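A.B. asks: For reference, the chains in residue letters:
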Amino acid sequence: MRIWVSTVARLGLAAVWLVAGGLKVGDLAASGRAVNAYQLFPYEVAKVIGAAQPFLEIALGLLLLAGFAVRLTAGISAALLVVFIAGIVSAWARGLQIDCGCFSTGGELGAGADPAYGWDLARDAGFLLLAGVLLWRPRTRYSIDGILMGDEQ
Amino acid sequence: MSKGTRERAQAKRVVQEQLARERRRTVTLWTTIGVVAVLVIAGLIGWGVAAGQQNDAGGKLTVPPSAVDDGTAFARGSGPVTIDIYEDFMCPACGQFESSSGATLTQLVDANKVTVRYHPIAILDRYSSTRYSTRSAGAAAAAAAGGKFYEYHEVLFANRPEEGSAGLDNARLIELGRSVGLTDRAFADAINAKTYTAWATKVTDTASSRGVTATPTVLVAGKKLDAPSPGALTAAVEAAGA
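Chains as they are written, first to last, in UniProt numbering: chain A, 1 to 153; chain B, 1 to 242.
Because the hints were derived from the structure by calculation, they are not lab data.
From a predicted model like this one, the values you see are computed outputs, not experimental measurements.
Keep in mind that a hint or two might mislead.
[Unchecked claim] One side only, chain A facing chain B, incomplete, derived with CB under 10 Å:
| no. | residue |
| --- | --- |
| 1 | D27 |
| 2 | S31 |
| 3 | L63 |
| 4 | I76 |
| 5 | A78 |
| 6 | A122 |
| 7 | A125 |
| 8 | G126 |
Glycine is no exception: its CB is placed at the ideal position from the N, C-alpha and C atoms.
Can you build the whole structure from these sequences, using the hints too?
C.D. replies: This is the structure in structure tokens:
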């Protein structure tokens with residue numbers, strides 16, 4: 001039973017990263033601007049982060065999908081999510097009017113729309129929970145880890 | 001079973017467990033190295049792709065001759081106080097700003113109090129299926145090259161497509177140009193050939209590097225207005241000494 005909970009968490013987290021990265025990878029310049037909108041880095045640095053991030057997210061998604069080094073990839077996922085949550089909290093605390101850019105190239109918020117910081121945070125916390133499940137019990141079905149470790153099931 | 005056999009079996013199991021542990025350690029080590037390598041490579045690919053895209057854009061950059069402010073804006077009027085307006089032709093709040101404050105801006109320009117610099121940036125491409133923000137900013141540059149930026153700017157906001165739609169197609173952009181007197185081939189050709197797409201990206205990039213994260217962003221004499229309105233504009237221009 002537990003192994004299935006972990007398996008679902010792994011595939012769910014993989015989907016999160018693949019969708020998040022996939023939606024941003026088409027417009028890297030916009031992704032850079034989204035990072036810049038947090039006003040935490042100089043623009044040149046933000047551009048590099050914005051360019052690298054979608055590819056990192058997709059790579060993490062693929063690793064999780066394959067079930068390769070699950071505890072490590074879950075740990076990296078958790079670390080990234082904590083960074084994202086910190087970024088959103090800081091934007092909220094400074095009263096910035098931005099779209100978190102979590103699942104889009106977001107950044108600037110047009111249209112007099114209200115930022116949805118609370119909702120973004122709740123969602124990221126949910127993803128963090130998935131990563132937590134995997135950190136705690138990284139063994140899952142249909143994984144490369146299972147094959148490599150010669151699991152005794 | 002004799003005592004000797006039992007001991008031998010136990011010893012065998014201990015050895016097997018040790019080998020299994022050894023194997024897990026090796027696997028963990030190499031998978032860790034593998035993961036780190038994959039992530040580093042993925043990040044470098046992103047960096048490389050973005051740098052390549054930026055170089056491509058730089059190579060194709062055509063700056064409209066009348067552009068001011070490092071080739072990223074179009075000026076209207078020649079008064080002493082500079083008003084910078086960053087807007088996206090798809091942005092509803094920009095449309096509202098234009099309809100509420102357009103007349104005030106015209107008065108200030110006519111009274112020779114201000115120079116208005118329009119920065120047509122493209123930050124809302126994701127809200128149309130055809131990258132309308134970039135295309136319309138490029139069309140505005142083509143209009144500027146034809147000497148009719150402001151007229152075209154007005155007609156674009158008067159015909160602003162809703163967010164989430166396809167945006168106006170090129171034929172419609174050309175037709176709107178014709179309605180303000182942009183009848184020559186050069187205007188239509190620039191739109192169809194995407195002559196100013198790289199320029200629109202450059203303007204957007206420049207705005208972002210200046211910390212512009214929303215539209216409309218309005219600065220009077222370099223100072224950002226929190227809530228752009230006719231009253232706020234007039235007051236800020238007065239304060240700036242005109």
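A.B. asks: Starting from the hint list further up, note which numbers the structure goes against and sort them upward.
C.D. replies: 5, 6, 7 and 8
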